[in-house]
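2 protein chains.
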Amino acid sequence: MSFGVPLGIAGVGLIGGSIALRARERGVEVVGFDRNDASEPLVNRRVNSLQALANECQTIVLALPLDATLLAIDALRSRVHLQLKLVIDVASVKVPIVERAGGWKSFAPSHPIAGTEGSGPQAARSDLFADRVWTYVSTDAQRDEAVRSFIETMGGRPVAIDAREHDRALALTSHLPQVVVCALAALLRDRKPLPDLAGSGLASTLRLAGSSWEVWEPILKANSAALVPALRELGEHLSGVAEELEAGTLERTASYFKSAREAYDALVKPRQ
Amino acid sequence: MSFGVPLGIAGVGLIGGSIALRARERGVEVVGFDRNDASEPLVNRRVNSLQALANECQTIVLALPLDATLLAIDALRSRVHLQLKLVIDVASVKVPIVERAGGWKSFAPSHPIAGTEGSGPQAARSDLFADRVWTYVSTDAQRDEAVRSFIETMGGRPVAIDAREHDRALALTSHLPQVVVCALAALLRDRKPLPDLAGSGLASTLRLAGSSWEVWEPILKANSAALVPALRELGEHLSGVAEELEAGTLERTASYFKSAREAYDALVKPRQ
Numbered sequence: 184m185s186f187g188v189p190l191g192i193a194g195v196g197l198i199g200g201s202i203a204l205r206a207r208e209r210g211v212e213v214v215g216f217d218r219n220d221a222s223e224p225l226v227n228r229r230v231n232s233l234q235a236l237a238n239e240c241q242t243i244v245l246a247l248p249l250d251a252t253l254l255a256i257d258a259l260r261s262r263v264h265l266q267l268k269l270v271i272d273v274a275s276v277k278v279p280i281v282e283r284a285g286g287w288k289s290f291a292p293s294h295p296i297a298g299t300e301g302s303g304p305q306a307a308r309s310d311l312f313a314d315r316v317w318t319y320v321s322t323d324a325q326r327d328e329a330v331r332s333f334i335e336t337m338g339g340r341p342v343a344i345d346a347r348e349h350d351r352a353l354a355l356t357s358h359l360p361q362v363v364v365c366a367l368a369a370l371l372r373d374r375k376p377l378p379d380l381a382g383s384g385l386a387s388t389l390r391l392a393g394s395s396w397e398v399w400e401p402i403l404k405a406n407s408a409a410l411v412p413a414l415r416e417l418g419e420h421l422s423g424v425a426e427e428l429e430a431g432t433l434e435r436t437a438s439y440f441k442s443a444r445e446a447y448d449a450l451v452k453p454r455q
Numbered sequence: 184m185s186f187g188v189p190l191g192i193a194g195v196g197l198i199g200g201s202i203a204l205r206a207r208e209r210g211v212e213v214v215g216f217d218r219n220d221a222s223e224p225l226v227n228r229r230v231n232s233l234q235a236l237a238n239e240c241q242t243i244v245l246a247l248p249l250d251a252t253l254l255a256i257d258a259l260r261s262r263v264h265l266q267l268k269l270v271i272d273v274a275s276v277k278v279p280i281v282e283r284a285g286g287w288k289s290f291a292p293s294h295p296i297a298g299t300e301g302s303g304p305q306a307a308r309s310d311l312f313a314d315r316v317w318t319y320v321s322t323d324a325q326r327d328e329a330v331r332s333f334i335e336t337m338g339g340r341p342v343a344i345d346a347r348e349h350d351r352a353l354a355l356t357s358h359l360p361q362v363v364v365c366a367l368a369a370l371l372r373d374r375k376p377l378p379d380l381a382g383s384g385l386a387s388t389l390r391l392a393g394s395s396w397e398v399w400e401p402i403l404k405a406n407s408a409a410l411v412p413a414l415r416e417l418g419e420h421l422s423g424v425a426e427e428l429e430a431g432t433l434e435r436t437a438s439y440f441k442s443a444r445e446a447y448d449a450l451v452k453p454r455q
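From first to last, the protein sequence lines are chains A and B. In terms of my numbering, the numbers along the first sequence are unbroken and rise by one, the last being 455. In terms of my numbering, the numbers along the second sequence are unbroken and rise by one, the last being 455.
Next up, chain A with everything else stripped away, as it sits in the complex (with noise of 0.2 Å):
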């Protein structure tokens, strides 16, 4: 990819680092806007908002909360004299993104299917995007060119996505594992068993646990519609296999353990 001009990124944390970290060793000069003194390093320079970046860059990367990309969107569109080149987010949730961007078009909506367990500008990395996929909603021939090759560029393997289908299939693989897990761990942290107690499986089934909750409440609250059915069925499952385990007949029980498993063959298995 090449930039006529500096690469914008609006948010310096994990994702929007580890976009600094990956443009700049590709020679490409990165200005940041984000308040967090910890992305200093990551990008060759900060400025103070996003009008500053908007100023400066013809290509931003919205590199924030859903929330503040909402905002974002807003703040940017409405300046029409800034002739902004490509504007890239990288929410989690597509179609409130797709509703608030309606005809802009500068704008193109995408979600790299990435991340670690740590979080913020100290645990961004170069490679976080290298062969993974990164979702783009298809908007026209051109702006999915220079969609396709900005994500190229990060590392990442681009799948054109419908939104609403982008949303639905999140919920399942992102949203709900995400509150299920949360869930899961506050209950172990009200009943307080011993951590000696607490092996290596645990550990993985938590990691997500230590995710933040400014993070994830905007997520939660956009995409209720596909989350709160699977969250229904799931809170069933758990009490249908309560109820089995007391009458005795651990029928459904089995057929979720013998599902599991092929789920794992799926979806953890070629990630070993």
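Misleading hints may appear alongside valid ones.
Which copy is meant is left open, so a pair is good if it fits within one copy or across any two.
Computed cross-link-like contacts, BS3-like style, restricted to lysine-lysine with a CA-CA straight-line distance of at most 25 Å [unchecked claim]: (1) LYS288 - LYS268; (2) LYS375 - LYS404; (3) LYS452 - LYS441; (4) LYS375 - LYS441; (5) LYS288 - LYS452; (6) LYS452 - LYS268; (7) LYS268 - LYS441; (8) LYS288 - LYS375; (9) LYS268 - LYS404; (10) LYS452 - LYS375.
Calculated from the structure, these hints are not laboratory results.
The hints should help you fit chain B onto chain A, whose structure is shown.
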């Protein structure tokens, strides 16, 4: 630990095989009883029955599924002429084991808090127990000393624990997470989201989903008294989150995320 006679291991899978590898590293001769031919390379030699094992070895580890462990206790205990010095089990539930063993003088109930996502003899590793807690139920001073010595030879950290307390804690740290992960994985398998949209966080959450139902069925049944209320509570947590999402006020959900962070700091962070 010095064995005057070879160490006998009934069940040369992940745990039994790892015990075998570690013992042999320490110069102990190991005799195994396991019908799986893949266990052959892990032991010095194999025998064809539990009885043959007991004829040759005065120290025996029962590294079998829970139900098979209970049967083996019955079988060995009745053969009083054997003069077994020490029989140790490693099952994940301790109350039924203690009850079954009654006052049997040679028997020591134990449970290593160690595992990997693999299973079977292929997954065995001589360092599986290195620095891991290995719980045991205290019986008498002489047996406790022998058990602690055995656990230390395995590289583990011996921790004495009450059987009932062990089972209540494991219901939370192991059995509940196992059921939750399997129910979640089964739901994902039924709803079939695109595998492209499953990230490394989900892979971590579902790591336990590859476990075998044959191993887990007797554990869940044996520990149902502790497991059932925890399953019901978690099921209610999930329905509660669904209700809050519909109502648009996420107070309890926020508290789960904040408590989860504390559990993460206590249980996950120390293992990173």
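Checklist entry - Are the CA atoms of LYS268 and LYS441 at most 25 Å apart within a copy, between copies, both, or neither? => result Neither way: LYS268 and LYS441 sit 50 Å apart in one copy and 40 Å across, limit 25 Å.
Checklist entry - Can you tell me if LYS452 and LYS375 fall within 25 Å by alpha carbon in one copy, between copies, both or neither? => result Answer is between: at 16 Å across copies they meet the 25 Å cutoff, but 32 Å inside does not.
Checklist entry - Is the C-alpha distance from LYS288 to LYS452 at most 25 Å within one copy, between copies, in both cases, or in neither? => result Neither: 40 Å inside a chain and 44 Å across chains, both beyond 25 Å.
Checklist entry - Can you tell me if LYS375 and LYS441 fall within 25 Å by alpha carbon in one copy, between copies, both or neither? => result This pair counts as between: shortest inter-copy Cα distance 15 Å, intra-copy 30 Å.
Item to check | Within, between, both or neither, where LYS268 and LYS404 count as close if Cα-Cα is 25 Å or less | outcome: neither (31 Å within a copy, 62 Å between copies)
Next on the checklist: At most 25 Å between CA atoms: does that hold for LYS452 and LYS268 within a copy, between copies, both, or neither?
Outcome noted: Answer is neither; intra-copy 40 Å and inter-copy 42 Å both fail.
Checklist entry - 25 Å Cα cut-off: does LYS375 pair with LYS404 within a copy, between copies, both or neither? => result For LYS375 and LYS404, only the inter-copy Cα distance (23 Å) is at most 25 Å; the intra-copy one is 30 Å.
Item to check | Homomeric proximity label, LYS288 with LYS268: Cα distance no greater than 25 Å | outcome: within (9 Å within a copy, 80 Å between copies)
Next on the checklist: For LYS452 and LYS441, with the copy left unspecified, which applies at a CA distance of at most 25 Å: within, between, both, or neither?
Outcome noted: within (15 Å within a copy, 31 Å between copies)
Checklist entry - At most 25 Å between C-alpha atoms: does LYS288 with LYS375 qualify within a copy, between copies, both, or neither? => result neither (53 Å within a copy, 33 Å between copies)
Violated hints, listed in ascending order, are 5, 6, 7, 8 and 9; each of the other numbered hints is respected by the structure.
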